[in-house]
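J.: Residues per chain, in single letters:
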Amino acid sequence: MTRAMVLCIMASALIGLGVGAVSGRNDGILFSRSFDDLSTLFLSDITENFAVRQSRHADSAHAREAVLLQIKVLQLLERSHQELANEERLGAAYVRLSMIEGSAGNEVAGRAALQQARSYFKRLHPNREETDDQLKDDVRRMDDFRDRSGL
Amino acid sequence: MANEWARVRVSFVLSFLACLALLPAGAYVGYLAATRIAFRYEQWKSLGALPRQDAQQLRRLGETAYALNASYVVLLSKTKASFERNISVLQQLRPKAVPELWPIIDLQVAEDHATLARLEQEANGPVQAADHRRIAQDMLGSLGWQDVSDTVLEEIADNQLRSRLAKESRK
Numbered sequence: 300m301t302r303a304m305v306l307c308i309m310a311s312a313l314i315g316l317g318v319g320a321v322s323g324r325n326d327g328i329l330f331s332r333s334f335d336d337l338s339t340l341f342l343s344d345i346t347e348n349f350a351v352r353q354s355r356h357a358d359s360a361h362a363r364e365a366v367l368l369q370i371k372v373l374q375l376l377e378r379s380h381q382e383l384a385n386e387e388r389l390g391a392a393y394v395r396l397s398m399i400e401g402s403a404g405n406e407v408a409g410r411a412a413l414q415q416a417r418s419y420f421k422r423l424h425p426n427r428e429e430t431d432d433q434l435k436d437d438v439r440r441m442d443d444f445r446d447r448s449g450l
Numbered sequence: 145m146a147n148e149w150a151r152v153r154v155s156f157v158l159s160f161l162a163c164l165a166l167l168p169a170g171a172y173v174g175y176l177a178a179t180r181i182a183f184r185y186e187q188w189k190s191l192g193a194l195p196r197q198d199a200q201q202l203r204r205l206g207e208t209a210y211a212l213n214a215s216y217v218v219l220l221s222k223t224k225a226s227f228e229r230n231i232s233v234l235q236q237l238r239p240k241a242v243p244e245l246w247p248i249i250d251l252q253v254a255e256d257h258a259t260l261a262r263l264e265q266e267a268n269g270p271v272q273a274a275d276h277r278r279i280a281q282d283m284l285g286s287l288g289w290q291d292v293s294d295t296v297l298e299e300i301a302d303n304q305l306r307s308r309l310a311k312e313s314r315k
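Sequence lines, in order, name chains A and B.
First residue of the first sequence: 300, per this note's numbering; consecutive thereafter.
First residue of the second sequence: 145, per this note's numbering; consecutive thereafter.
Because the hints were derived from the structure by calculation, they are not lab data.
Being a predicted model, the structure only gives us computed values, none of them experimental.
Treat each hint with caution, since some may be false.
To be verified - Chain A stretches covered by chain B per the calculated footprint, using a threshold of three residues with CB under 8 Å from any CB of chain B:
#1 313-320
#2 325-338
#3 345-356
#4 361-368
Note that beta-carbon positions come from the ideal geometry of N, C-alpha and C, so glycine has one too.
Starting from the given sequences, assemble the full structure and let the hints guide the process.
T.: Laid out in structure tokens, this is it:
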């Protein structure tokens, strides 16, 4: 086998490797972005669904745990700069937490949670002012629909 | 001279065949390696704003959520077999999942049992229906549900059977 032939074999292997690497790099980036988008969507969706179900049916300890899990996940997503309408979800989660604390007799914790909820809603709607009862009613109606429709 | 020429011809053919084989093989290896490296790098970059521990946790949570959502594909049809299959998928997923998400998996399993109780009842299987009902009630009880009566289980089954298709079409 001549040197030219060996060079040809090596060149074809390198060309193959190069072509594969370029298309693999593009696909890797694409897969990563799709994975991020979908797992973010699924994660915020399933934790919210769980928090709604638990806050409507479970005792306050379990309901609180579920809502805190949702808040933790949403805050992690927020900190990782993954764009999603998290303010709305976080605001609603804190209202939910405030209702749980209220029904468990923890008025101070309930008010603190409502304060947090307001800070998230304020980022979205700076000019909108809602009373505590309005906020709770909105979230209750939303959860009612979600729970009954099984979404 | 003829022998020499034959040897050159053989080595030429062999090199040509080697080139033909190495080109796609190289492309395949390059593709696999680059996909993995680019995927890992992008993942690392996208969670770069978080401390390492949080980034790892979020990645694991995301993987579990992804797998959990994939299990719903099993439920495209609202049959007994599909709910049984989903329970088995979720039970396999649970030990691999992030412990924080175990209650979410448990709730889904409980709801699937509640729905199976209804489907068994309709298929004249009262014993199996009672078994599914008992499992659903135990699981919901462990999740802190205050009312695990038959009425609640019926509501769950109604919701599951009604919403499954809507849920899938939404995704």
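J.: Taking a Cβ-to-Cβ distance below 8 Å as contact, does the stretch 325-338 of chain A have at least three residues touching chain B?
T.: As far as the stretch 325-338 of chain A goes, the hint holds, because 11 residues have Cβ atoms under 8 Å from chain B.
J.: How does the coverage statement for the stretch 345-356 of chain A fare against chain B, requiring three or more residues with Cβ below 8 Å from a Cβ of that chain?
T.: holds (count 6)
J.: Would you say the stretch 361-368 of chain A counts as covered by chain B, given the rule of at least 3 residues with C-beta under 8 Å?
T.: Since 5 is at least three, the answer is holds.
J.: Tell me if chain B covers the stretch 313-320 of chain A under the three-residue, 8 Å CB rule, please?
T.: holds (count 8)
The structure meets every hint from the earlier list without exception.
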